[in-house]
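Asks: Which chain is which? The protein sequence lines are A and B, in order.
In terms of our numbering, the first sequence opens at residue 1 and continues consecutively.
In terms of our numbering, the second sequence opens at residue 1 and continues consecutively.
Don't read these hints as lab results, they were simulated from the structure.
Since the structure is predicted, the reported quantities are computational estimates derived from the model, not experimental observations.
In this text, a Cβ means the ideal position worked out from N, Cα and C, and glycines have one as well.
Watch out, some of these pointers could steer you wrong.
[What the hints assert, rightly or not] In silico lysine-lysine, DSBU-like type, Cα no more than 35 Å apart, as pairs: (1) K3/A to K68/A; (2) K70/B to K37/A; (3) K68/A to K57/B.
[To be verified] If you anchor each label on the Cβ, the simulated ranges turn out as follows: (4) T77/A to A108/B: 27 to 37 Å; (5) V88/B to S7/A: 16 to 26 Å; (6) S96/B to V13/A: 36 to 46 Å; (7) E39/A to H24/B: 15 to 25 Å.
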Amino acid sequence: EDKVVQSPLSLVVHEGDTVTLNCSYEVTNFRSLLWYKQEKKAPTFLFMLTSSGIEKKSGRLSSILDKKELFSILNITATQTGDSAIYLCAVSNAGGTSYGKLTFGQGTILTVHP
Amino acid sequence: DAGITQSPRHKVTETGTPVTLRCHQTENHRYMYWYRQDPGHGLRLIHYSYGVKDTDKGEVSDGYSVSRSKTEDFLLTLESATSSQTSVYFCAISESVITGSNIQYFGAGTRLSVL
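Isolated chain A, as found in the complex (with noise of 0.2 Å):
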């Protein structure tokens, strides 16, 4: 069974602190590292990964996968009051029947004082 653990699995920062996120999985054929963000309503996509070492990013948030030790980390600098959601990690089986579906963590709850 394909499993991701996220954490911490809730933090409190200031604005303009930097932040860093993690994911460590267990998948039998992965595919894809997918992060989310969620605030009020629906999860809204951010990065997809399928290569280790290759750093996506944009503007202040950015990610990078480790396909040896089986991780990813979302760092997030400068951060802003509107950073404050839920960040969802999520992989992809490349299984035969698995027909592209997503397992989730458990979300990391970010709140980010003024």
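Chain A is fixed; fit chain B onto it per the hints.
Replies: The following block gives chain B in isolation, referenced to the frame of chain A:
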């Protein structure tokens, strides 16, 4: 919300009653998914569809059934709602499961309370 509409957005119902949630997409994507989200559990897959009339179970499918008679609509039915099915339900769609396109886009969710 990537052309995904969930209805209703909120529903309160009583134990033992049937409930149907609807997911409608305008993206013509082949793959559709139903998840539930509960505190401490992240998102858990209930059922998914890989084409019209082609569906399969996810990890928490007990007590739920689905149907997909058209590409754009994916229905989730609770045959006899129980309090343990109180949750937020999300529909998601994906164009392809091939690497590079295996991104799921989510609807706004349906908050269901079973009393």
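Asks: Now tell me if each hint is right for this structure.
Replies: Okay, the hints, checked on the actual structure:
no., hint, result
1, K3/A to K68/A, "16 Å, holds"
2, K70/B to K37/A, "30 Å, holds"
3, K68/A to K57/B, "31 Å, holds"
4, T77/A to A108/B: 27 to 37 Å, "29 Å, holds"
5, V88/B to S7/A: 16 to 26 Å, "23 Å, holds"
6, S96/B to V13/A: 36 to 46 Å, "37 Å, holds"
7, E39/A to H24/B: 15 to 25 Å, "23 Å, holds"
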